[in-house]
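Undergrad: Spelled out, the chains give:
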Amino acid sequence: MAEISRQTSQRRIGQSLGETAMVPVSLAMGLIDAPLRWVQKTFGLGGMAAFFLLPNMLIFGIFVLLPFFINFAYSMTGGTALFLSDRTFVGVDQYARLFDCANYLNPNTCAEDTFWTAVSNTGWFVILQVTLMIGFSLVTALILNRELMARSFWRAVFFFPVLLSPVVVGLIWKWILQRQGLLNFGLFGFGFEPHVWLNDRNWAFAATVGVSIWAHMGFYTLIILAGLQAIPKDLYEAAEMDGTRAMRVFTRITLPLLMPNLLVVIVLVLIRAVQIFDEVYVLTGGGPGTSTLFVTQYIYETGFAAQLRNPGLAAAASILMGLVLVVLTLVQLGLSRSRDKKGARK
Amino acid sequence: MSRAIEFLFRRKGGKGWHWTDIVTWVWLIVGLFVMFGPAVWLTASSFKSPAALAEFPPTILPYVTQKVTVEGYDKPLDLYEVTLEDGSKATLAEIRRIGTVSQMVDPEKPAEIVKVNIAKRTPVRQMSFATENYTEPFTHFDFVRYLWNSVFVTVTATLITLVVNSMAAFALSKYEFRGRTFAMLLILATLMVPLSVIMVPLYSIVSALGLFNNLWGVILPTVATPTGVFILRQYMLTIPDELLDAARMDKASEWQIYWRIILPLTAPALAVLAIFSVVWRWNDFLWPLIVLSRKELYTLQVGLSIYSGELNVQWHFILAMTVVTMIPVVLVFLFLQRFITTGIAGTGLK
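Listed in order, the protein sequences are those of chains A and B.
Position 169 of the first sequence, counted from 1, bears residue number 169 in UniProt numbering, the numbering being contiguous throughout.
Position 81 of the second sequence, counted from 1, bears residue number 81 in UniProt numbering, the numbering being contiguous throughout.
Please note: incorrect hints may appear among the correct ones.
Chain A is nowhere near these chain B residues, computed Cβ spacing over 12 Å in every case [said to hold, decoys possible]: (1) A119; (2) T122; (3) V124.
Restraint ranges, calculated between C-beta atoms of paired labels, are given here [said to hold, decoys possible]: (4) F152(B) - R146(A): 34 to 40 Å; (5) F335(B) - R245(A): 40 to 46 Å; (6) E55(B) - Q307(A): 37 to 43 Å; (7) L188(B) - V23(A): 33 to 39 Å; (8) F335(B) - G46(A): 53 to 59 Å; (9) A305(A) - A119(B): 46 to 52 Å; (10) T80(A) - R178(B): 41 to 47 Å; (11) G243(A) - L185(B): 30 to 36 Å.
Because the hints were derived from the structure by calculation, they are not lab data.
All C-beta atoms in this analysis are idealised placements derived from N, C-alpha and C, irrespective of residue type, glycine included.
Same shape as in the complex, but just chain B (with noise of 0.2 Å):
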């Protein structure tokens, strides 16, 4: 056992352990706890019943109060563990509770009722997952209309994103031209714009182009980004021009080299400006709540902030359309997380 000890919390160089060691792991842990557990606990709370959901304190799995239907009662009644006052257990279903009395009747024998102190008794309780949380919004709201919102923005911004951007850099990077400089300029000087500082004019001008409470309204002020330029033209810088001109020789034209030889190459960079582009539509929140005021048209950021905004918040909905939202971001987290981590610390840009 000492040996097994010794061998977990043995150090390169067989050196001892150091104060920062400890600060080390304690930080860690404490961090995997603090960054994980949040989400790990919505998603556990979003299978519980409503019921289960005002419990207090709360479990960690959804657990249910076992009910069952008894001979001569509408409803189905609670079960219960009874210590009984002769000191043997039963199990008995609940009729009604008047203060610290609970009137009770054993299922086999409907006739009897039992009437026991509520400190005696104890919940039977089973573990059930709630998966009315996840079917009802699906049918009773619109819930599958902002899905499907969500999904057509994200999915038409990127694109665009991707072709125009792919373009600009192209032209910023492989002619020379008057205006190149003042060019690259103007679309660095808009990343110092952000949205918050031109909101108003922004949705008149939206308005006036008959695009508000429009999807397009939300795609595309959105889809000139100067980051997505930024990071393409680096890339096609370290192109060589002689692969350009070899084409030029064999009487390509510039639209034919742009697509079949800059777009290939620039592969890699255009993935990650897929990805970047891919999480910020699907988590773009301001300007889609600025612009869609019908409800058929929120995205799903737009409608779980609403429908968690009303004064009886259904939780257990929310919960679990939260979760769903979440889903993408986590795909993207668990499988491209290295893309993103290499790609924000090249650029510093997010």
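Next comes chain A alone, as it looks inside the complex (with noise of 0.2 Å):
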């Protein structure tokens, strides 16, 4: 009784601190009441929807929606100036530099080698990245899919990684694999010579896709997840009273009912590989050489970082990345709907 008592007591103080704290912001929100009854009483609850709808839509408007349109102005323009009004008119020039290139299949031949060592380096990136996660965030999905003592336990094992931030993974890991760090460690144990991983072209180039494969499937693992436990049980039911073997289990239920969830998890991932940045800009830098520069880092550094920076050519760089990232979205809308539809007929 007295425990229950005290916990009353403790919740009924809580309570009037919370109440409190809320006072001036009472007060604040009675003293906006006045004028908005104004508002409401002169342009009627047409104005109110279009008084709650402006703070939203007017930072989409400054900082999304016009960055998005000046953005082809700026791609049409050259110099380093920075304000739009400041800059020259150059057409398609930008576009034409980015584009010039004696062999496509060979980045040293173009005009802007870099641009193009960066986008074969995110196509091998997104290729060796996506098809890696889905296998790891699938075969995670099926395991904590299973009668599993402390599940929710697991389950928050795999999701840990996804709320670090880019930069401490980014350090995390470049502590791990430098020359006394811990892998060199593990491997010393079964006599190998230490070695600096991240100096390695080849080496670096796996690091950035196993790091970002860690930090992020615990996310799409739970998305898969979801669309498991959707899957009706009494088919799996059926299975085993009929014995079926847990791999065809797999491949005549699991799979085809999962298909429409996996398409929109591939396109999930596909969208931010072709982004990526964050994790690898401080883990390796984009280097050795510019064996792990991906195209995100390379609008950065020509954009801001450079010695010469070139905003004109940034910007078109970004813009067909926009593309690339547009027509992903569209195939993603595209199957989501295609899902939906499916569901609805059944």
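Combine both chains into one complex, guided by the hints.
TA: Here it is in structure tokens:
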């Protein structure tokens, strides 16, 4: 009894504390109320709707839509000036420069060789990362979907890195992959010589793929898991009655029914992989050389970090990347729509 | 004993172990180490002194060689356990090392120098947590500033996000007006315009507004999140309109309806958005990196990346500050993980 009364009194204290903290906020809201009643009286409900929508639309307009549209104008101008009014119109020169290649398969023959190196790196990165990411997330989701002891604990285990900041992720792995790092220590136990992983072109590239999978697979695992849990249980019960093998249950029941969900996840992973930047920038900085330079870093460096900035060229490259993303997003919308339709028909 | 093992490994319904069970548990255990291990390793390393960090092979816990002050020598000397030529053991301090021979001295008898082969000596180690890794960056570097900047950006951006997005969501869910579908589509379309696509012109706009090298330049572009509007609108649609009508009967203004009825009822969705927003803004990197070029304005993420990119990385400080940067996110993970995972599973948004 004493325990309960103590709890309620604690709760009451907490409540009154919360109420005291809210006093200035309530006062402010009361003060806003009077002019807003006037707005409501003058412009009606439509006016109020506009009022509620206004701040959001203003911010969207200034910081998303406006940049989106003037990006096209930027990509048509040259020089190093920051503001559009100071820049000279050059037509499609920036695009021409980006596409000026003797042989598209060999970045070294291009005028902007770093751009094409970044494109080809990103291409390989996307292919490898998306395949492995889907593989790992799918297996993890299948395992988490089984009857497990402490399932929510295990789900949390795989989700943990998702919350870490890209900078922290980059630093954690930079620390592990360095010369005196944990990986070399582990391999040392098996008699291998210490290796400076991030100074090796291929290993550095593999590290960017591995680290980005480590950081994000928990997120996709959750989405796939949600898809798995939506598959009716009676199908599995029927399969068990018939004594169907596990492999066959997977290929005949799980995979087909999961496919729509999986396709959406694939496109989501693709969209994110194309834009890879943060953790790689901290982990390798694009190096050694340009072996882990990706498109977003190219845009960032061309537009902001390089000695000779070229905002026009960066804008043109960002529009090309935007095009790829729009195509991918449209594919995703198409896929989720067809998934919804299938669901409705059933 | 065998009974105990049998008990531990028995399965529901008395079935035996299937190969999928073995795969499951191997995967989970390996996953446990791979997912948590790196962060745990980083935290353990952050308590090591620079000398201990340079050691290979590394130890898990922070050990340092014990030092002793010997009469006649300015600096404290390293202590070693030495096997002498007659086979007896002694604890000696090292003065200097020449090739494979170490000149040592007994702290009790500082006059007498003993020469020992380095193979015959092992350092006397003791555990020592290098807490100065944590305290020094706060006094020598601007880390207090960075921490404050990060907290300011995170808290302000989250508060504005909640107010602005809930207002928009209220308008889009509870009012009929021309252009409603258009506004909704416009907001969803911005999902397709990530930062990496518009960063060049966005930078010029932020500069034109005088927000370059200003924390508000980091905050404002991020606060109108399409995800936020979407989550809140879906939730508000479930609030019955009759409630609003009843309040209007009682002469409540629209603002009061929003403030007194809608917001309290949307609390669970607001909480989810608040958690998301805190994690997003705390972790933001590319945009602050572009907008903030003055050292005193760096957020933790930018400061960390700049310091870790220097030629001589002071890893002992970087590691400790990485741990500090990780703390809020780990707290969110420990206490609110359930909210987030169900939020993601429900909306598919991050």
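Undergrad: All the hints need checking, so say for each whether the structure fits it.
TA: Hints, one by one, checked against the model:
no.	hint	verdict
1	A119	holds (20 Å)
2	T122	holds (19 Å)
3	V124	holds (22 Å)
4	F152(B) - R146(A): 34 to 40 Å	violated (45 Å)
5	F335(B) - R245(A): 40 to 46 Å	holds (42 Å)
6	E55(B) - Q307(A): 37 to 43 Å	holds (39 Å)
7	L188(B) - V23(A): 33 to 39 Å	holds (38 Å)
8	F335(B) - G46(A): 53 to 59 Å	violated (43 Å)
9	A305(A) - A119(B): 46 to 52 Å	holds (51 Å)
10	T80(A) - R178(B): 41 to 47 Å	holds (45 Å)
11	G243(A) - L185(B): 30 to 36 Å	violated (51 Å)
Going through the hint list in order, the structure does not satisfy hints 4, 8 and 11.
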